[in-house]
Each structure stands twice: as structure tokens, then as C-alpha cells.
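**Q** Chains as they are written, first to last, in my numbering: chain A, 1 to 232; chain B, 1 to 232.
I should point out that these hints are in silico values taken from the structure, not numbers from a laboratory.
There is no bait here: all hints are sound.
Any copy, or any two copies together, can satisfy a pair, since identical chains are not distinguished.
In silico SDA-like links for lysine to any residue, alpha-carbon gap of 20 Å or less: (1) Lys213 x Asp140; (2) Lys213 x Ile160; (3) Lys213 x Thr154; (4) Lys213 x Ala224; (5) Lys128 x Asn146; (6) Lys128 x Met150; (7) Lys128 x Leu200; (8) Lys128 x Val152; (9) Lys213 x Pro137.
Note that the structure is predicted; figures quoted are calculated from it, not measured.
2 protein chains.
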Amino acid sequence: MASAIIVAAGSGLRMKSARPKQYLELAGLPVLTRTLMVFDDHPGIENIFLVVSPGEIEFCREKILSKARWEKEIILVPGGKERQDSVYEGLKAAGGYMEDDDIILIHDGVRPLVAQELITACIACAEKSGACIPGIPASDTLKQVNSDGMIVSTVSRENIWFAQTPQAFSLKRIREGFEYAFANRLSLTDDAAVLEMYGLPVRMIPGNRNNIKITTPEDLHIAAALLENIEK
Amino acid sequence: MASAIIVAAGSGLRMKSARPKQYLELAGLPVLTRTLMVFDDHPGIENIFLVVSPGEIEFCREKILSKARWEKEIILVPGGKERQDSVYEGLKAAGGYMEDDDIILIHDGVRPLVAQELITACIACAEKSGACIPGIPASDTLKQVNSDGMIVSTVSRENIWFAQTPQAFSLKRIREGFEYAFANRLSLTDDAAVLEMYGLPVRMIPGNRNNIKITTPEDLHIAAALLENIEK
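Please model the complete structure; the sequences and the hints are all you need to start from.
**A** Below, the structure is given as C-alpha cells:
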């Protein structure tokens, strides 16, 4: 079986909003409520661990969890200082409910448009290979720019992918990876990087272009448009 | 003064549409008509050179140019085989109207949401530095993936920017760059790469998140949402 950690402990500084972005509304429901609903609806997901800032547990219960009826218990977990600390808190909480060989999915709370099919594909791939993340091949031209604002080079976009979530791993493997990263004081850009640093293989599968991360006010408008189109 | 080359000779294979993407409608007007309107409205732009596939010149006159009233003459230029050949045809056509030190902007026909302010900023920057492009700092995690679909590494996104257009250059400098590239059979991902290969400095300035390139059906929906938001 598989379970999911939804990471929503971010402060949303880029949103120019007093409320963290995961609490903003998208077509009548908070972004985070929508994200949780996708995992709650998925038959392959057993438990859901929602990691939020320690000071927002009550707020989350009242403003996020109260907005929908849940099939599953949503287990609230207080997060840590950085994103990686929050994920690790989620992993520790999940350890009390799961076997070592079970699959844990780690997903950004601000990606509410994740498709059921993508969750299914990530679980299946992680069951086979132990670690799997979705992504999109880069289509833009990438430039390396120096601190004076001058272009240093054009980065070859061949074989470059943008990582998405959910990132899926065997619980044992990702926990070991995190312990290795903390012991070596490694800073992480995403969860797969933990295993890459640890020297374990991670498979990339095609993600979904709709599965955007909501980090700016423009993204909310984009998400609303995509949602309307998905629901058609 | 500055002039603009609008490149619209692409076939739009990713659009799953019989019509190239620049001819599809966005909120009641073809994408390409909208792109041209922004440059037509800009007081700093003198001439507009529209590069299209040789077989689509008439179609373009009837279906794109007929949809709006133009302040400026839109000069139709038949494009070449690859994007870089099309841009070079545009540069040759522009040479008949411009001085060597004038600024030429090269813009994707499928970026209709480019802001007037961004065009102004690109012209001002190119007048000062000779070559300037807009871009957005990378916010996603980038992964290098091998041909078996396994992640090889996490690419540091520090100082990595996604290039946008319009890319602005002194006419003489970019023409020389293209001649150098063709003479050395270099393949180019964008126009700034021509000067980078030639060893000339190119400045990066902040672009605009709305200024997306429309290459998939999802992009059309996103663009419609952004447009609605801009017009509010």
C-alpha cells in the first residue's frame, strides 16, 4: 500500500499575501483542501499526513479540513524549520503507520491539479524501482547569468527535466536518505535529491503540464483556467 | 529607432492542430494578430517585419492582417527552413529600412502577452549595451535524465534563467553574429546564442511571467486566463 505526505508548511512569501499561498482560494476552495481531496479520492492511498507550520494546526483544522468530507483520516503533523525538516517530520509520523517496504508519496500542498492517473503511475513505478518522480522535459532556452546580469552561457536543455511532485519512494529508502543528508548537513532542493546524493537510483516518469506549483498571484489565475478546462 | 522582427514560420506540431499555433484564436483574435498589435501600438517601434512560411503569405494577409487596423506597415517576409534561417531572412529585409546602429527586436509570434513596458526596457537596454534579452529566474528543480529515464543529477538552478523574447540587438552586431554562425554551421537555440558563440556580451533583464510562449493546447487556456487578468 501507499500513503502520502502533503507538505504545506511554507510561508508563501512570493504571494504578496498575508496568508500562505496554500490557504488561498481556487475556484471556491482553498488550494490545500483541493490538493488533499485528490489524495483522499485515490483508492491506492491509505493514510494522508498533512505537514503544516506548528502555529497553524488549529487554523488548518478549521479552515482547510472543515471544507470537505473526508474518506480517510487526515493526520496533522507539525512541520520544522526548512522544507526538508518538515518532510522528515512527515516521514517520522508515517513510520508509525506503515511497513518499511510500503511506498510513501511526498507532494507539494500547492499542486492541487495533480491527476489521479499521475498518482497511480508514481506508485506503480516506485513499487518497481524504489524511487520515482514525475517531470516535464525543458522546452525553454536556459541561460546561465552572472551576478552582473550578463549571460555566461546557454545551458543545453537536452535531457533536462523540470521536477514535479508527487515524488514516490519506499519508506525505508527515503528515510535512510534523509538521515544521511542530515548527518552530512546537505541542503536539498527536492526529495529525490536526497537519494541522488546517497547514490541510489531515481526514475523519472512523464508528469502532467497541468500539475503546476502555485507560487505567485499569476499562478492562481493560471490554475483556475486549467481547472475549468480539466472539468469540461 | 528600433524595429521588430516577428517570427511566425513555425509549424506548431505540438499543438495537435491542423493550423500552426500562431493562427489559433485567443479571446476572439488570432494569437499572431495579438502579438503584432502590441508592437504596432508601441511608439518606439518603427517597422514590423513579419516572417511566415513562404506558402502562408496570402493566408496571413487574409486571416491575420485583416483582423485589425494597423498604424504601421507590416512587411511580410518569406521564412526559411529552420527558425534561424527565418530570422536571418527577417534581418536581411530589415537591413533595407534600418541603419546599422539601430536596434532590432526579434520576437516569437506565439508570445502575444508581451507587455509594452518590456519592449521599452529591451530597447533601452540594447541601446546601452548592444544586446539584451528578457528572462525569468528558474524556480523549479531541474534534473538531468539519461536515455534510460534515470536521474543523473540535480542541476543547480542558481543563476539559471529561462529566456524569453523580444531579444534586442544592434542590427549590425546580430547580423554579423548570424553570418559567423552560418559560416561555422552552428545550430542555435535562440538569437542571443548567436552572439554568445561569437563572444559578444549579452545582458539579461527581468522579463514578465505573463509573457508565455503558446506551444500546447493548455498554453492557450493559460494565456486566455492571463489575458483576462491583465485586462481587469
